[in-house]
Amino acid sequence: MAGLNGLRVWVPGGTGLLGTPLVRRLRESGAGVRADGAATCDITRAEQVGTVAEEFAPHVVINGAAFTQVDACESREAEAMAVNADGAGHVAATSRRIGARLIHISTDYVFADPSDSPGDARPHRARRVDDVTGPPEALCAYGRTKLAGEQRVLQAHPEALIVRTAWLYGHDGPGFPQAILRQARAGGPLRVVNDQTGSPTYSEDLADALVRLVVAGVDHGHRVLHVTNAGACTWWLFARTVIDLAGLEATVEPITSAQAGRAARRPSWSVLDNSVYQQITAHRMRDWRDAVVAFMKREADARRPV
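Number 1034 in the numbering used here belongs to position 144 of the sequence shown; there are no gaps in the numbering.
Hints may contain errors.
Unchecked claim - Across the chosen pairs, the derived CB separations fall in these ranges:
no., residue 1, residue 2, range
1, A1069, A1148, 15 to 23 Å
2, G922, A1148, 43 to 51 Å
3, S1147, A947, 41 to 49 Å
4, I988, A1148, 46 to 54 Å
5, A929, V1183, 33 to 41 Å
6, G1024, G1151, 21 to 29 Å
7, H1112, D1134, 36 to 44 Å
8, P1079, V1108, 33 to 41 Å
Derived from the structure by calculation, the hints contain no laboratory data.
For glycine and all other residues, C-beta sits at the position ideal for the given N, C-alpha and C.
Take the sequences, apply the hints, and build the full model.
Written as structure tokens, this is what we have:
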């Protein structure tokens, strides 16, 4: 995809699971890119954010920096809040001050379980961008910090764009498919939750979508978008699909969230509606199954001896 020649894009969080393919796609599209991890720009330090931004003078900022260890957030919420809310606010305020457009990455976990939200029956449709988030007390710590981040971003930079995604996986960091494949190859028991439904999202596809949003500009007037691969599944079906595509013989036992005993409670339903993104970009995200096939092919190619 071309169309970004001469544009400078700064990507805090640009060295990880999403940032790595995003930076590559931006450069392929002609943009000049600066990518920072926490080692080179700690977004919890407002003065450091300001220094980097003023030196690089970006036209666009895509903030993917976040504390994303969902279970660890339960015991380290203050640390997560410093990154996901305070840090996000620093990036937003600086972006506005220097006149840069801002895209901020958020999560499906800003939505509570329907049973925890008064008057919100379990939806049989994807969550729309105007659906009510929270309430904070019904969210896990990660969801609370990311929701606070969304609020800080739009307070500091009212023209910013929030992009919520879900169940992210890819080649440039640890992820669910890799963990499942390791366990299956080791012959260990596989027990995976089957009462949480969402949309697995391939980092390569999300990176492509973000570049399309940069090309689309800001004239569409929307402040929040949802971008995931199309369709939905449970974590159990996601695991089963990965194992089948790998040609492995492994039994995957479906279990409940209660049986899994994770520190953080996840929403049972967090499927996101991509229709506003599709309207803006005229691009339809491919089905999650097709994305997993592409992911597995690339993983297999990487394992094949040269």
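Hint compliance check: list the failing hint numbers for this structure, sorted ascending. As far as the earlier hints go, only 8 is violated by this structure.
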